[in-house]
Structure formats: structure tokens, C-alpha cells
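**Q** In case you want the letters, here they are:
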Amino acid sequence: MKSIIILCLVAFASANLSTDSGKSLETPCPPENLFGEVEAQDCCSNPDSCVEDSVFFHTDATSRIVDASKVDVYDEFIKYANEYLTRSYEYFFLAAQFGTYSKDRAGFEKLLNGLSDSAWNRGIDMIKQMAKRGIPHRYILNKDIEGIVSSANVTEMAAVAKAADIEKNLLIKANDIHRHHSHASLTASPSCGYDASLSHYIAEEIMEEKVDTVRTLTGYTNQLKRLFKQDPKLYPLSLFMFNQQLE
Amino acid sequence: MNKFGILAAIICVFASVSADTCDVSAREHLNNIEFVDMKKGCVQLTEDQIKKEITASLKYLSYGAYFSQDNVNRPGYAKFYFDAASEEREHAHKLIEYLQMRGRYFDIQDTIISNINIGQLIKESEQAKALGLDHGWMKAPEPRANGLSAGMESLRTALKMEYAVTESIRNLIIACEAEKVDGKNDEVFNDYHFVDYLTGEFLTEQYKGKRDIAGKISTLGKMIKDNGGELADFLFDQKLQ
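From first to last, the protein sequence lines are chains A and B. Residue 56 in UniProt numbering sits at position 56 of the first sequence, with consecutive numbering throughout. Residue 169 in UniProt numbering sits at position 169 of the second sequence, with consecutive numbering throughout.
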């Protein structure tokens, strides 16, 4: 009995398959306007060409919303993503200094390593975002980023202030790029850079997190500054306590 | 410089006064205690290895970006290379942690670690010749003239890159197990622990990684034979996802 049921199911499935494949041969036209109306019409008048999908051979499909010649409207975003990779390694070396026996500040090391990991992951995420939008990635950098080197000997307060500075600059740049991609007149061409999706990504994925980071780091910087100014003699002890808080 | 930059600069001036004092007092208590024994040549080569790991991480990142593109569309390969990029970065981190443990991170004169041009490393990673290897396959037109696929060419270059990194680690081991001691012509220092660490941790990982990539090349190669690279790549990409 079981084998009869299985046989019936197989027969039913193959009937369905043949119907499906028949249907797909009957309606072979690709979506109109994907590669131009003319080619779509040619396809309809000559179904054989559609079976071979020859209509698709002319060019790659792209998720980009601007012409290939105008793709440089996204250059600032690419440079911005690359800046995250650069800053990630800058934090990486900055953090490492606090893991040496002479500094021995595990809390500061943890804070800066966290910033490094976060910048690295965000940089990769932005590269993925570019790929989603049809923007090819290149290792281009802004002039002010090209000269970044692994840092020389810095103090705890200088490191935190530097991190606050970097994060605040990243926030300011995010604002600028957001403005570039979120303002246009109704009739403006996409090649001017208007891109609601990218603006949304910047606002939701980057700005929200960055605002919190900047606030935390500026708070730490001011706290350390007050501890130093109020009683410089106690500052080494203050640093010890502050480091413990960060651990 | 924005307003905050100036603020930070002012803070740095305050901080440098006291922190210098801290460092000086820390060193005072360590005076005349010779607890750091890792030698300078070995440290410098390790720092150089850290640079190589970073360059490899950035190169793998560009592979990931390539395979993520809409006109390449190989999410499996992209994931494989993005993960490889983070792994190389982790290697650099492990070497730094080791130098910290041995008291040799940022501790010697003529250190290169304090002056690595990160911007330059990023820009060099764009070049087709990074790490002395040809990464030009990314620019090759499709379909590929040699009957291969982008996936196959990437794996072949990745294996060469892993081989180069492995050789570099081997040379580091050779240097660190017999470094001449300053001022003593016939005395060499064998850094047993570092050599053991490099052999046990790093080389094991390198050989496992190379075996993995070689296996992938072998499997993909068998799929390409008599079938064509594109379909083989398409199917193999799904295995990598």
C-alpha cells in the first residue's frame, strides 16, 4: 500500500514539474526595462533567444542607481569606510601600549581594544553595504588619513583624549556624508549623490552608536582632566582607580 | 583643527607632566633587575611579522569586497575571505600580546612598532603586488581566458600568500633560536619559549590553513574539469556559505 502511495506522489510531482517547465517556456520574457525596451521586444518576437538568455549577455545587471561614470559620488563614503580600517589599526597599537609592564593599565587597553574591534567590524560592514549598492570598493584615503602612524609613547589621558578626538571627527564626517547623500531637489539627477538608503544606513547604523561613543569618551576625558587639575599629586592614584573602573 | 582638537592638545600638556613622573617612578623600582631576556633582532623581526599579518588582513579584506560585488556575487567566498581578514588581524594581536608578556613591546631603541605607517599599509594593499604576490586576478575580465574561475584564482593566490607568511614565520623561528648575544662573540641566545610558541601556535595554524585551502583548490579543480569554471564556482560558493 505504502509503495502505491509513494508511486502516486512521484507521478504527481513529475506532472507538476513538467507543467512548471512548460509554463516557463511559454512565458520566457525577462522583466521589461531591465536592459532596455528594444531587447525585451526582440526577445518576445524570438523565443529561442530567450531560452538561451542571450538578451542578458550584453551587460551586467547592477544594483547601482547611478551611471558607472558617476560612481565617484560615493568616493567619500568609500574613503570613510577605509578610515575605519585605518583607525582600527591606530587604536590597535594605541591599546597595546597599555598592556606593557611599564604602563600596566588593563582598563585603558580594554577600552582602546574595544574601539579597535568596533572600527574594524564597522569598516567591514560598510564594505558589505557598498557591495549591496553596487559600489566597488577601493583602498582610497583622505589626505589627512594617509599619514597616520602607530603612535609613540602616550599617556592615559592623551590616549583617551585622542580617541575622543578621532570619534568626534568620525561623527562630523558622517554628518557631512549624510548631508551629501540626503539633500537634492525633486528634479535633481541621481548622479548628484542623493541616496536615501545610504543616508538611512549612516543615520541608523553609524550615527546612533557614534553619538554614544563620543559622549562616553568626552566624559572620560573631562573626568581625568578634573582629577588631574584638582590634585596633581594624587593623580597617579586617581589613574589607578580610573583604570580599575574601565576594567 | 576643530575646537575639540585644541582641547585635547591642552589636556595632553597637563597629562604629560604627571605621566612622565609615573613612568620614571615605575622604572626606578625595576632598576638593576634584569627580567627581560628577549633579544633585539628577534623583537624587530617579530615587529616586521606584525606588519605582514596586517597587510595580509587588508589583502583578504579586498578579496572579500571583490566577491561581495553585485557582478561577482559569491557570498560564500566573500565570507571565507572576510573571516580570513579578521583571523590575520588576530595573528597580529597575538604577536603583540606575546611581546607585551616578554616585556619587549615598545621597549627597545630603534623599534619599528612606534612608527608603522598605517595609511601607507592600507594604500599598499590596493596594489596588485602586495606581499610580493600577483593579485591581478581581481582585474581580469570574465570569462577568464585560462578556463579557470575567479574563485580558483583567488584560492591559488591565497595559498601562495599563506606559504609566504609561513616561510616568514619559519625565518623568524630560525632567527630567534640562535641570536648572537651583544658583546659576546661566541654566545648565542636560544629563545626556547618564543620558538615553541611560534611553532606550536602559529605554524600549526598556518599548516592547517594551507591544508584547508589546498583541499578547496583540489575539490574545485575536480569540479572545473570538463565542466567549466563558472558553474563549479557557483556550486562551490554554496558550500562555503
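Among the hints, erroneous ones may be present.
Derived pair list, reagent style DSS-like, types lysine-lysine, alpha-carbon separation capped at 27 Å [claimed, not checked]:
| # | chain 1 | residue 1 | chain 2 | residue 2 |
| --- | --- | --- | --- | --- |
| 1 | B | Lys139 | B | Lys40 |
| 2 | B | Lys51 | B | Lys208 |
| 3 | B | Lys139 | B | Lys79 |
| 4 | B | Lys123 | A | Lys132 |
| 5 | A | Lys128 | B | Lys180 |
| 6 | B | Lys123 | B | Lys180 |
| 7 | B | Lys52 | B | Lys180 |
| 8 | A | Lys132 | B | Lys222 |
| 9 | A | Lys110 | B | Lys239 |
| 10 | A | Lys79 | B | Lys79 |
| 11 | A | Lys110 | B | Lys94 |
| 12 | B | Lys139 | A | Lys128 |
| 13 | B | Lys216 | A | Lys128 |
| 14 | B | Lys225 | A | Lys128 |
| 15 | B | Lys222 | A | Lys128 |
| 16 | A | Lys143 | A | Lys70 |
| 17 | A | Lys173 | A | Lys79 |
| 18 | A | Lys128 | B | Lys51 |
| 19 | B | Lys222 | B | Lys139 |
| 20 | B | Lys123 | B | Lys222 |
| 21 | A | Lys173 | A | Lys110 |
| 22 | B | Lys79 | A | Lys143 |
| 23 | A | Lys79 | A | Lys128 |
| 24 | B | Lys123 | A | Lys70 |
| 25 | B | Lys129 | A | Lys79 |
| 26 | A | Lys79 | B | Lys225 |
| 27 | B | Lys208 | A | Lys110 |
| 28 | A | Lys143 | B | Lys123 |
| 29 | A | Lys132 | B | Lys239 |
Honestly, the hints are just simulated from the structure, not real lab data.
**Q** For each hint, tell me whether it holds in the structure or not.
**A** Status of the hints after comparison with the structure:
| no. | hint | in the structure |
| --- | --- | --- |
| 1 | B/Lys139 / B/Lys40 | violated, 41 Å |
| 2 | B/Lys51 / B/Lys208 | holds, 22 Å |
| 3 | B/Lys139 / B/Lys79 | holds, 20 Å |
| 4 | B/Lys123 / A/Lys132 | holds, 23 Å |
| 5 | A/Lys128 / B/Lys180 | violated, 48 Å |
| 6 | B/Lys123 / B/Lys180 | violated, 36 Å |
| 7 | B/Lys52 / B/Lys180 | holds, 25 Å |
| 8 | A/Lys132 / B/Lys222 | violated, 31 Å |
| 9 | A/Lys110 / B/Lys239 | violated, 37 Å |
| 10 | A/Lys79 / B/Lys79 | holds, 22 Å |
| 11 | A/Lys110 / B/Lys94 | holds, 15 Å |
| 12 | B/Lys139 / A/Lys128 | holds, 19 Å |
| 13 | B/Lys216 / A/Lys128 | holds, 24 Å |
| 14 | B/Lys225 / A/Lys128 | violated, 32 Å |
| 15 | B/Lys222 / A/Lys128 | violated, 31 Å |
| 16 | A/Lys143 / A/Lys70 | holds, 22 Å |
| 17 | A/Lys173 / A/Lys79 | holds, 10 Å |
| 18 | A/Lys128 / B/Lys51 | holds, 25 Å |
| 19 | B/Lys222 / B/Lys139 | holds, 25 Å |
| 20 | B/Lys123 / B/Lys222 | violated, 36 Å |
| 21 | A/Lys173 / A/Lys110 | holds, 26 Å |
| 22 | B/Lys79 / A/Lys143 | violated, 31 Å |
| 23 | A/Lys79 / A/Lys128 | holds, 14 Å |
| 24 | B/Lys123 / A/Lys70 | holds, 23 Å |
| 25 | B/Lys129 / A/Lys79 | holds, 21 Å |
| 26 | A/Lys79 / B/Lys225 | violated, 41 Å |
| 27 | B/Lys208 / A/Lys110 | violated, 30 Å |
| 28 | A/Lys143 / B/Lys123 | holds, 12 Å |
| 29 | A/Lys132 / B/Lys239 | holds, 21 Å |
When held up to the earlier numbered hints, the structure conflicts with 1, 5, 6, 8, 9, 14, 15, 20, 22, 26, 27 and fits the remainder.
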